[in-house]
Structure formats: C-alpha cells, structure tokens
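**Q** Throw the hints in and build the complete structure from the sequences for me.
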Amino acid sequence: MKRIAAAALMAGLTFAGQAMAEPVKIGMITTLSGGGAGLGIDIRDGFLLAINESGNKDIKVIVEDDAQKPELAVQIADKMVQSEKVDILTGIVWSNLAMAVVPGVVGQGTFYLSTNAGPSALAGANCNPNYFNVAYQNDNLHEAMGNYANTANYKKTFILAPNYPAGTDALTGFKRFYKGALAGELYTKVGQTDYATEIAQIRASGADSVYFFLPGGMGIAFMKQYSQSGISTPVMGPGFSFDQDVLGAIGDAAIGVKNSSHWSKDLDNAANKKYVAAFKAEYKRLPSLYATQGYDTANLILSAVAKASVKDKDAFRAALKEAKFDSVRGKFKFGNNNHPIQDIYVREVIKEDGVLTNKIVATSFTDHQDAYAASCKM
Amino acid sequence: MADRERLVNIALALIVPACALAAYGMGEPFYVTLATRIAILALAAVGLNLALGLGGLVSFGHAAFFGIGGYAAGIFATHAFNQTPLLASPVVIMATSQMPVIWLVSAVVAGLAALLIGLISLRTSGVYFIMITLAFAQMIYYFAISWPAYGGEDGLSITMRNSFPGVNTLNPLSFFLIAYGLLLLALFAFSRLRDSRFGAALQATRQNEVRVASIGIRPLRIRLVAFIISGMITAVAGALFADLNRFAGPSMLSWSMSGELIVLIILGGTGRLFGPVAGAILFVLFEFALGGLTEHWQLFLGLILLAVVLFGRGGLIGLLAGKVRHG
Amino acid sequence: MSSALLIEQALNGLQFGVMLFLMAAGLTLIFGVMGVINLAHGSLYMVGAFACAAVAAYTGSFWLGLVASLIAAAAAGAIVEITVIRRLYNRDHLDQVLATFALILIFSEGTRWVFGSFPLYLDIPKVLQGAISLPGGGQYQLYRLAIIGAGLIVAIGLYLLIAKTRLGMRIRAGESDREMIGALGVDIASLNTIVFALGAALAGLAGALVGALQSVQVGMGEPVLILAFVVIVIGGIGSIKGALAGAILVGVVDTMGRFLLPQLFALFMQPSQAATAGAAIASMLIYIVMAFILAVRPKGLFAVNA
Numbered sequence: 111m112k113r114i115a116a117a118a119l120m121a122g123l124t125f126a127g128q129a130m131a132e133p134v135k136i137g138m139i140t141t142l143s144g145g146g147a148g149l150g151i152d153i154r155d156g157f158l159l160a161i162n163e164s165g166n167k168d169i170k171v172i173v174e175d176d177a178q179k180p181e182l183a184v185q186i187a188d189k190m191v192q193s194e195k196v197d198i199l200t201g202i203v204w205s206n207l208a209m210a211v212v213p214g215v216v217g218q219g220t221f222y223l224s225t226n227a228g229p230s231a232l233a234g235a236n237c238n239p240n241y242f243n244v245a246y247q248n249d250n251l252h253e254a255m256g257n258y259a260n261t262a263n264y265k266k267t268f269i270l271a272p273n274y275p276a277g278t279d280a281l282t283g284f285k286r287f288y289k290g291a292l293a294g295e296l297y298t299k300v301g302q303t304d305y306a307t308e309i310a311q312i313r314a315s316g317a318d319s320v321y322f323f324l325p326g327g328m329g330i331a332f333m334k335q336y337s338q339s340g341i342s343t344p345v346m347g348p349g350f351s352f353d354q355d356v357l358g359a360i361g362d363a364a365i366g367v368k369n370s371s372h373w374s375k376d377l378d379n380a381a382n383k384k385y386v387a388a389f390k391a392e393y394k395r396l397p398s399l400y401a402t403q404g405y406d407t408a409n410l411i412l413s414a415v416a417k418a419s420v421k422d423k424d425a426f427r428a429a430l431k432e433a434k435f436d437s438v439r440g441k442f443k444f445g446n447n448n449h450p451i452q453d454i455y456v457r458e459v460i461k462e463d464g465v466l467t468n469k470i471v472a473t474s475f476t477d478h479q480d481a482y483a484a485s486c487k488m
Numbered sequence: 113m114a115d116r117e118r119l120v121n122i123a124l125a126l127i128v129p130a131c132a133l134a135a136y137g138m139g140e141p142f143y144v145t146l147a148t149r150i151a152i153l154a155l156a157a158v159g160l161n162l163a164l165g166l167g168g169l170v171s172f173g174h175a176a177f178f179g180i181g182g183y184a185a186g187i188f189a190t191h192a193f194n195q196t197p198l199l200a201s202p203v204v205i206m207a208t209s210q211m212p213v214i215w216l217v218s219a220v221v222a223g224l225a226a227l228l229i230g231l232i233s234l235r236t237s238g239v240y241f242i243m244i245t246l247a248f249a250q251m252i253y254y255f256a257i258s259w260p261a262y263g264g265e266d267g268l269s270i271t272m273r274n275s276f277p278g279v280n281t282l283n284p285l286s287f288f289l290i291a292y293g294l295l296l297l298a299l300f301a302f303s304r305l306r307d308s309r310f311g312a313a314l315q316a317t318r319q320n321e322v323r324v325a326s327i328g329i330r331p332l333r334i335r336l337v338a339f340i341i342s343g344m345i346t347a348v349a350g351a352l353f354a355d356l357n358r359f360a361g362p363s364m365l366s367w368s369m370s371g372e373l374i375v376l377i378i379l380g381g382t383g384r385l386f387g388p389v390a391g392a393i394l395f396v397l398f399e400f401a402l403g404g405l406t407e408h409w410q411l412f413l414g415l416i417l418l419a420v421v422l423f424g425r426g427g428l429i430g431l432l433a434g435k436v437r438h439g
Numbered sequence: 664m665s666s667a668l669l670i671e672q673a674l675n676g677l678q679f680g681v682m683l684f685l686m687a688a689g690l691t692l693i694f695g696v697m698g699v700i701n702l703a704h705g706s707l708y709m710v711g712a713f714a715c716a717a718v719a720a721y722t723g724s725f726w727l728g729l730v731a732s733l734i735a736a737a738a739a740g741a742i743v744e745i746t747v748i749r750r751l752y753n754r755d756h757l758d759q760v761l762a763t764f765a766l767i768l769i770f771s772e773g774t775r776w777v778f779g780s781f782p783l784y785l786d787i788p789k790v791l792q793g794a795i796s797l798p799g800g801g802q803y804q805l806y807r808l809a810i811i812g813a814g815l816i817v818a819i820g821l822y823l824l825i826a827k828t829r830l831g832m833r834i835r836a837g838e839s840d841r842e843m844i845g846a847l848g849v850d851i852a853s854l855n856t857i858v859f860a861l862g863a864a865l866a867g868l869a870g871a872l873v874g875a876l877q878s879v880q881v882g883m884g885e886p887v888l889i890l891a892f893v894v895i896v897i898g899g900i901g902s903i904k905g906a907l908a909g910a911i912l913v914g915v916v917d918t919m920g921r922f923l924l925p926q927l928f929a930l931f932m933q934p935s936q937a938a939t940a941g942a943a944i945a946s947m948l949i950y951i952v953m954a955f956i957l958a959v960r961p962k963g964l965f966a967v968n969a
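Chains as they are written, first to last, in the working numbering: chain W, 111 to 488; chain C, 113 to 439; chain F, 664 to 969.
Heads up, a few of these hints could be off.
A few chain W residues facing chain F, derived, Cβ under 10 Å [claimed, not checked]:
#	residue
1	Ile161
2	Thr303
3	Ala310
4	Gly340
5	Ser342
6	Thr343
7	Ile360
8	Leu412
9	Ala416
Note that these hints are calculated values from the structure, not bench results.
Yeah, the Cβ is synthetic: ideal placement off N, Cα and C, and Gly gets one too.
**A** Listed below in structure tokens is the structure:
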C-alpha cells in the first residue's frame, strides 16, 4: 500500500512541477530479455537516440521488458496506461504481442505507435484512429520480393515459412505479386532449427529460386545450412532476415542475397547520413531496420509534440497523421489506415570494410500501400 | 501450529481484497488489475495443487487446461462479438458472452481432456508422469499455433470482456470480485475435498499406493478423478485470465506456463490450502517489482527461486506458519 | 519421389537423432545415477555453443572451440552440481524441477549479460565443408556425416566406459543402489560430480556441433531439451541403450513426418492446405508417438528397473 501511495504522490509531484512545460510521457514495451532481445534493444536504442538528439527535456520515456510474453506485455501496458498515465505507448516487436496489447490500449484512448509489428488484422477492418504503424504492414516486404521475382525473371520459385499466421501471411503476400509457378510451398515448425529436410526437397524440386520467411534464429539456421549444403539456387528473403542484427551470425553465406526493405543504410538523404553516423558513434555498431523504425517513430512523435498538445487528442492525432518529420527513409506518409505509404527497395548483401551489410540495387515499389487499407473504414 | 496456519490463511484471504479495495478507492485501477491477476493465478494453482499437493501428481502440463479455458473464453467472445454461430451444422449453436456458461464449457472441455490425458498418463509415475503430461501439453500447444481458424500463434483478441449477469465486468473492481469469489469457492471446495473420504484416499495413494490398493480402493480411479477436477479448476482460471488480459493465445499453453504454475505452488507451500494464494502474491510482486528495475530481471528472479528451493523449504506458508503435518 | 531423396532424408533423420542422443545420453546418465531431473541441461548445451563460437572467433579454429565447449560445459556442470544439485538428491522431483527451472533463467540471462543480445557466428571447419556422393545419385553434406560419426563414437565410448572401466562399474553400482556403494566406501560426492560434468560435456559437445549449423543464441537449448526428454522417456529413463534407440526413433519420425505428411495430405487436399495441415500434424507427431509408446509400455522401451 505504501508503494502505491508513494507512486501516486510522485505522479502528483511530477505533474505539479512541470505543468507549465507540458510533459509528454511515453511508455515503451519491448523485448529486452531472452532470444529475441536483440530486436527490442535496437528499437529502444534508436528511439532514445532521437529523443536525446532533440534535447527535449519535457519528454519522459519509461522502458520495460515484455520477455516476449503476451500476458506480461498486457500487464505492463495496463500499468503504463492506468497507473503511469502515459500519453503514448510504443515499442512492441512481435505481432502476437501487438495483437494482445494494441486493441485494449487504443480502446482506452491512448495512442499506440508501432515500431515493428504490423499484423493485417490491425490494418484492415479493425484499424483505429489512435493506432499508427511507423514500420510497415507485415505483408509489405514479402509483396516487394514477389514483385522483384517477376523482374528477375524467376519462373519456378520454392517458398517456405513457419506454420503460423505471420508465415502464411508472408507467403500470401509473396504470391499476391509473384506471377511465375511455384516449385513448392512448405510450412515449417515454429522454432525449428534444422532445415536439412526442407533443403533436400528444394534441391529435388528443380526450383530456379527460393523465397523464405524465417524470422530470428530460424532464418540464421536456414541460411547457414543452405549455403553449407552447396546448392547454388539463388535465395531471396525479406529484409529482416538479412539485417544488421543477424548478418554477423549468418556470415559470408549471406553475401549476394537479395532482400527487400523500406530502409537501407546507404539511402541517399541527409537525415539518413546523420542518423547512421550518430548511431555508430553512440552505440559502436551499425543500425538495423529495427533501430531505424525506433528512430523514425521517436522523430514522428517529436514532430507532433512541436505542433500540438498531447492532451488535445484530436489535434495531436492530426499532427501525427501529417507525418511532417525528416524520415531517414527519405519520404514517409500515412495512408487512410494510418499505415505507411512508402518505397520498398531491393537490397543485396555485401561485405564492406570487413563487415557484412546491405546496399540498394533496385526499387521494387514506389509509394506502396498495403492490401488491407481498402477495408479500413476510417 | 494449525492455529497459526489458520491465522496466516485469514490474513492472506483478507490482504488481497483489502489492497484491491484501497487501490480502487485511490483511483489506481492498475493495482486492482494486479490483484485480479493474483487471484486468477492463485485459482489456477489451487487446481494444480489438488493433483500435485494432495495427490503427488507432478503435472508439467497444466498449461493445457489453463489454455483450454483461455481459448474457450476467447472463442466465445469472438463469436458473440461478431454474432457468428459457434457451430453452423448440423445444428446452429450460437455463442454467448455470459461468463458462467463459458466457465461451464471450459470446465467440461478441460475435464474431457483431463480424462483422456489422465487415462494414459496415470498409468505411468514419477518422471514419466511429469514428462508425459508435458508431451500432451506440447501437442495441444503446437496444434494451437498451427490452427489458423482461431488466430494461430497470434492468438485471439477479446474486444469486449465477457459479461456476468447483473455485474458490469468492465469495472475492474467488479471483475476482481468475481475472480476472488471463485478463488474463495475453489479454496472452500479444496478444503472440503481434502478432509473428505475421497481426499483421505487420494493422500493415501500418494503415500503408499500398495496399501491403498490392498484395502480395496483403486488408486488409478482416485487419481483420475482428482486429475480431472484439478484440470477443470485450472481451466476456469484460464477463462478468467483471458478475460483479464483481453487475449487468449498459445503462450497460455506453453511449457513455461506449466512451469510457472508449479513455481506458484512451491513458492507458497506445496499441499498447503493457501499455498497457491501466497505463491501467486509473491510471484506477481516479484515479476512486477523486478521488471521495472533492470532488463536482467529474469536472472534475479531465477536466483530468488533457487534460494527458495534450497533454503526456504515449505514455501511462504511454511515460513509463516511452521512446517506442520505432512498429511 | 526418388530413392536418392529418400536416402538423403533418412540420413537427415539419423543425423538429427544422433544429435539428440548426445543430449539425451547426459540427461539419462544423470537421472540414472543421481535420480535428478535436470531441466538446465539445455542451458549446458547453450554454454557449449557459446564457448565454441567465442573461442573459434577469437582463435580462428573450430577445433579449439570444440575443446573449449567441452571444458566450459563440463566446468559449468561441475559448478552446478556442487552448488545446487548436490542439495537436491534427497528431495522430491518437484524441488528439482523448480531449482533447475530457476537455473535456466539464470543461465539464459547470464549468457546474455556476458555475450550480448545478438546471435554469434560459428561456421563448420574447412576440412568438413562440401558434400559426398550417395549411391543413387544424391549428395550428402560431409559435416552432417561427421556428426553421425561423432555420435556413434560417443555411443561406443559410453558403452565401453560403463561396461569396462572402474568408473563405469561405480556408475552401474550407483544406479542400482546409491546407499550401498556409499557404505562400501565409494566417494559418492565426487562420483556424482564426475557424472554430472560428463553429462554436461556431452550436452556442450552437442551444442558446439549443432552451433555450426544453426544460430548460436540465448534460448537455443530449450526446444532441444524438451525433445531430449521425449527421447529418454521413450527409451526408458536411465538407459543409455534406450536413449540411443529413442533418439534415432524421434529423429527419423520427426524428419520423415515433416517430409512425407504434407505430400500424403496433398493426395486429397489443395496444395496450400495440405502444406499447413501436414506441417501441423508433423509438429505434433513425436508427441503422439510418445503418448502411444507410453500407453503400451509405461516405463519406456528399455525400462531399467522394470
């Protein structure tokens, strides 16, 4: 009881002390422990980098670890919304955690800005004015690769993904744009780490290319085993399987692989150059996709804070929707369902100064919008 | 000694609702939610305590029942919200968002699952039992992940919390009282069961199976009944948990969930009536307090748990009320 | 479906099984001698993989990494035995489950604290890169054959150790009567530490070997741990022979299930649906097999104290 009283008292004090400066409280729930911690740490680091750069002392960020457990994420969200009274919530990495947290949070009138997960359910019929996705809709990168496969003149692609909704969505996204025939379609066990069986089938299928969506450790394992098996069939993947957080673990096996992304380190704009240099200086590593999404999200919030009071929900919502900030993606705007309309590039993995990274080789989509926007009545 | 345990029990029974009421009065609904979480996890653990504490059946698969309850709540809520039938043919069955019906369905489905799992698992004992119950839970877990109709790995969001006749369940205090009422009911049932002839037989099968069999009681049947009741109680807790989180998903079925339920019981005191309540209070508070302190909080949670097993035998109740009776 | 593909898949199943055996052998040995359920066995596997990756990255030699993995895992095992497990011998399984569950949390977060949150890199050694031709026209990766070989050598070595050496005699004696060998003047405490370290080293070896194929990351041990438990329960807990049989059974059933079930379902379903339905059943298959075996033989295939 004492703690509750103390917490209430402290909350009262902070509000009293800063009432003039209009404080903005941001809650960040992300994965900071366990196997998926790298992604959450990147999001957090990118986000805090932007906040620190701004020098805005009125913004208070509270970060907490969800351990990649939906129930825990919900509990923390409740705490942040009901007890800490945050104005904005952000940070979740995984779609299943987002599906557990977001509907409840936006239902209580709090803003939620997605730094990564973009499940289709939140982009279509269940879209919400308080929910903004600053990353991508889950299908986007897969669609871009399906489109690229046509350009690359692939006629017989073998596709595989884990057997869960994000996996089936990924392959559906790929097939939405891919015009060739399928050499095979496989769904693997979630968390599977040995792909010898699948690789043997790919070899036997006579495919002219392979597209896979296997997030995290699954993708690392697949890529290593694929290259060790000596198959020469070209591989394509979504950007998150070939980004800065995992490239080191895949090693040289990744060189030359084409992957899709809405951002790349070598995108030629001033904001991006400044960001990459600042991130490297601050954290002694190259930024990843996730860090970038965190950084853009923070800058979007900063731009809205400068325009409107966060207590004036309608004005603040409009300021967010305007998205007038220097995105490191060069250009950025929201569609009717508050999901991004953006360019999606094809990148190739290269080795640069002894470090594996990506460079842009083509643009797959210009001003691409997701397939669910039409069913969003907003 | 028994009197001291009774005092501790009464204190535990009062402290949770007292905190919830005070938090509600101070306009801190989150702490009411936290108290609700304690009550629900304690309810799930009371179920497991019946099998584990009284019957000595170390089930490492109770997440299966917890998840079945959660999915029942999630599936009913989804269908009721969308006004689609649960079953379209051969007969149309409409879903309801009434909690008592959902609890009943949860308990019945989990009871059937427990019957099937128990019939096979209870033929084994010791480590084999631990592992086979785990295997069944894993089976259901993988099924839930790859079953697209109800969300697969993404799980099911509950847009509107299910309702209870005459109560506004959206009010955190009302929902807490529902969960807490069920917990008290389960505790009462547990204590009656423990002191009944059935309970005596169950505890006897734990201590000496051969002797029980020799006086004409069939240990398998006793254990099976205990296992089924245990699964049913845990399933009702699962349904409440889904309503609390507005979400049901495969993580409710995962092996670490089974592990956490066991942790609750040991933290509180195995076989003790209020052990699950004490364990749930400790676990939720640890998780809550450590999570805000450091990103390495799981390391410290591990160290605390380890210390409890190694040095704090008998759990919290054992500490407060002394090590009485192994009855 | 060609016979070459079938042979390749059978070898894949065997290789997976052998890897599981390395995990299961340690687990079953520890249970047989000490009666302890060690949920933290997967953490020792992770320790082995991290040690191998770190040393290989530092020295450039996979083989030094392999040695490091054995030493690190054995040392971690010995420390765990002396500080924690030793206090649990006379407790019930419940306490052991909780204590080793806590150890998983400690190992996972501790490893992340030391090595950071991003997966590490580990590649297969130069001499084992490439593939050899199979009869029937297929190809098989040399490194995977080497894993099969290593697993079989370990199996034979364990057999010789237990059947022919003084230590093995004590292990067998310990399995049949713990109190008695203590009374006969055998130093049980150090025997337990040795056995635990040996089991841990096997897990570490498995982690290092598999680390070169997969991602070396925190949490990599838990999925393998559960499979290893399935293996020893199917085989009969405490039996090395059972662990070998169970491991190969699980490896082959899992691999063949993943390979054949979607094709079987495709005979009467749409390709996309067959792929998901087949994959769903395949992921449950080994648990179904386990339940079936235990329903018929509640103490596993090679029950020790039947």
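**Q** Hint by hint, say whether it matches the structure.
**A** Here is what the structure says about each hint:
| no. | hint | verdict |
| --- | --- | --- |
| 1 | Ile161 | 21 Å, violated |
| 2 | Thr303 | 5 Å, holds |
| 3 | Ala310 | 5 Å, holds |
| 4 | Gly340 | 5 Å, holds |
| 5 | Ser342 | 12 Å, violated |
| 6 | Thr343 | 14 Å, violated |
| 7 | Ile360 | 8 Å, holds |
| 8 | Leu412 | 26 Å, violated |
| 9 | Ala416 | 33 Å, violated |
Consistency with the previously given hints fails for numbers 1, 5, 6, 8, 9, ordered from lowest to highest.
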